[in-house]
Amino acid sequence: MIDRLIMYFEFPFVRYAMLVGILIAFCSSLLGVTLVLKRFSFIGNGLSNVAFCATAVGAAIGFNNNILFVLPITIVSAVLLLCSGKNAKIKGDASLAMISVGSLAIGYLLMNVFPQSSNLAGDVCTTLFGSTAILTLGQRTWMVWLCVGLSVLVAVLFLLFYHKIFAITFDEDFAVATGIKAKAYNLLLAVVVAVIIALAMNLVGALLVSALVVFPALTAMRLFKSFKSVTICSVIVSVVCAAFGILVSILFDNLPVGSTIVAVNIAGFGIFSLIGVILRR
Amino acid sequence: MKKTLLVILLLFLTLALFAGCSENDRAENPGQGGIDVDLTAFSASMIYATVIDILSNPEDYTGKTIKAAGIYEPIYFEGIGRFRHSIIVEAPGCCPHPIEFKLSGGAQLGDYPSAGASIKIEGVFGIGEEAGFILPYLTVDDVLVIE
Amino acid sequence: MAQLTCQNLTLGYEGKMIVSDLTFTVNAGDYLCIIGENGSGKSTLMRTILNLKAPMSGKIVTGDGLLPNEIGYLPQQTVVQKDFPASVREVVRSGCLNRCGLRPYFNKKQKQLVEESMEKLGITNLAKRCYRELSGGQQQRSLLARALCATGKILLLDEPAAGLDPMASAEMYALIAGLNADGTTIIMISHDLEASRQYASHVLQIGNGGVLFFGTMADWRERND
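Line order of the protein sequences matches chains A, B and C. According to our numbering, the stretch in the first sequence is residues 53 to 333, in order. According to our numbering, the stretch in the second sequence is residues 404 to 550, in order. According to our numbering, the stretch in the third sequence is residues -16 to 208, in order.
Among these hints, one or two may not hold up.
Claimed, not checked - Below, in silico cross-link-like pairs of lysine-lysine (BS3-like), each with a Cα-Cα straight-line distance of 25 Å or less:
no.: 1; chain 1: C; residue 1: Lys65; chain 2: A; residue 2: Lys90
no.: 2; chain 1: A; residue 1: Lys277; chain 2: C; residue 2: Lys36
no.: 3; chain 1: C; residue 1: Lys36; chain 2: A; residue 2: Lys233
no.: 4; chain 1: A; residue 1: Lys233; chain 2: C; residue 2: Lys65
Hints were generated in silico from the structure; no laboratory data involved.
This is chain A alone, in the form it adopts within the complex (with noise of 0.2 Å):
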């Protein structure tokens, strides 16, 4: 088996595949301990369908660079539910369920009015759950390069916002009334969010994305006690469950990526889950 590994990573696209799939779950799971705690959980899933609408109405009308026309438009939805906060009409998670099942809806009228293909049950499938897209990065290194860059910025971003993100999330009343522009890290966070998902739909699939951001985080508050070690341990579980699934769905057959991955951090999360148990006794 390993040394079908080394041969297999011998192919460009392997290495690429590996990178982009460890460095998609290390930006979202930083971002994904916030929005946990926000309690904004589905995000992923509700701003993947956006992703999947905008890409069928983008195919509708003859754009050849989706990735330019669907960027836009969720970075828009991003900002419009992550920043109307208290006062939206329309409470968090309702607009959320609007939006994630109207696009959704949407997205797969057009792609049934204006058929991109012969498969179209092949092509809406891809787009929800992820398909080999992540094993042929050889034909767009662009995007591979796109992932290195965003994924330095969001670290650096990260690094150096970390205190500010930790008053917004754990009271964001407090913050604003000490003087904080919670506003602008909240706008920041939608849309550093919205391009992650952008990109991570692409590789894992619409209705997968929401596990690599809710996953990591949940699992590594099953063991750690202050938002600095759940923060890390998220990231690092994010980031090995992450490359554990690409190793275990190229090796075998009939192992989809993105579901594999989700599995993977499944078992993470009851892993981590038992040792808490454990160690509470």
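Use these hints to put chains B and C onto chain A, whose structure you have.
Here is chains B and C on its own, set in the frame of chain A:
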């Protein structure tokens, strides 16, 4: 805390460099028996990804020996006015990607199997040009038909 | 000069007025207790003073060298916080954030301030403990330490003893009184009339859409005894 994140950042940058530098270093080690890429030994998703890579970056595979198993199908290509004898490599997901192969040594139509047969081939990959089209293909000594 | 002056404040939501013509002053070192029925506008008033909500009309003037973001705040706890994975030190430290500006880390002075605040509130031994594992009283003390870090000048407290058992409540009020004795101005919303009687220097009673009483504790006692 800052230190830990800095370390992680450095790790990623290193990984990125590693991926970048590897552009020039494709599957160079010849495998067993002189086969560079043995698709018959790959997992399903690797088969699919490798076939896509072969067809998208044919220059990187020129001169390499590739072994594949799949279904034989003669596909008529209007642009060059002839059939391309292709193998459709078994892979999951939609959109099967055919790779053309040519029997060496002045083969006739009758030397090729019947359409739909399960075949295994092994040959050297190359790129040719016909009627202005760049067409990749495998040069194969013979075709093994599996029942 | 008064530290905080509210002039003819009218507060409300979506065009609906809750309380109007609110006028009162707070001087440095005062201990003002705000009382009133539920829905009379106490929390709204507090949020307005903190710039979390704009008043429908009227204005708030800060004086005596008090900068707008030098007001410390102890809000009612949200559900999110009760389950938050954070160490007590991380929570208290976040109070210093307003002094950081764009700087992404806390300097020595601020770390020192954090330690001092925790000591004042008697929670230094809890520094590494997880916030969600603390008792209600301990959590409130952590939040109070956080408010102290934000400022030593004036603290706004919204029902600081809510959900605490009588002993923890009494401890909390004693702590707050101690801070007041040290020179911090206190503005507190509380249902607990007994505690306010014991410690407050001034009373503001809101009801029926306006001010029912504003004056010293002595006057209040006279009126109501």
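For this structure, which hints from the list above don't hold up?
-> Violated: hint 2 alone.
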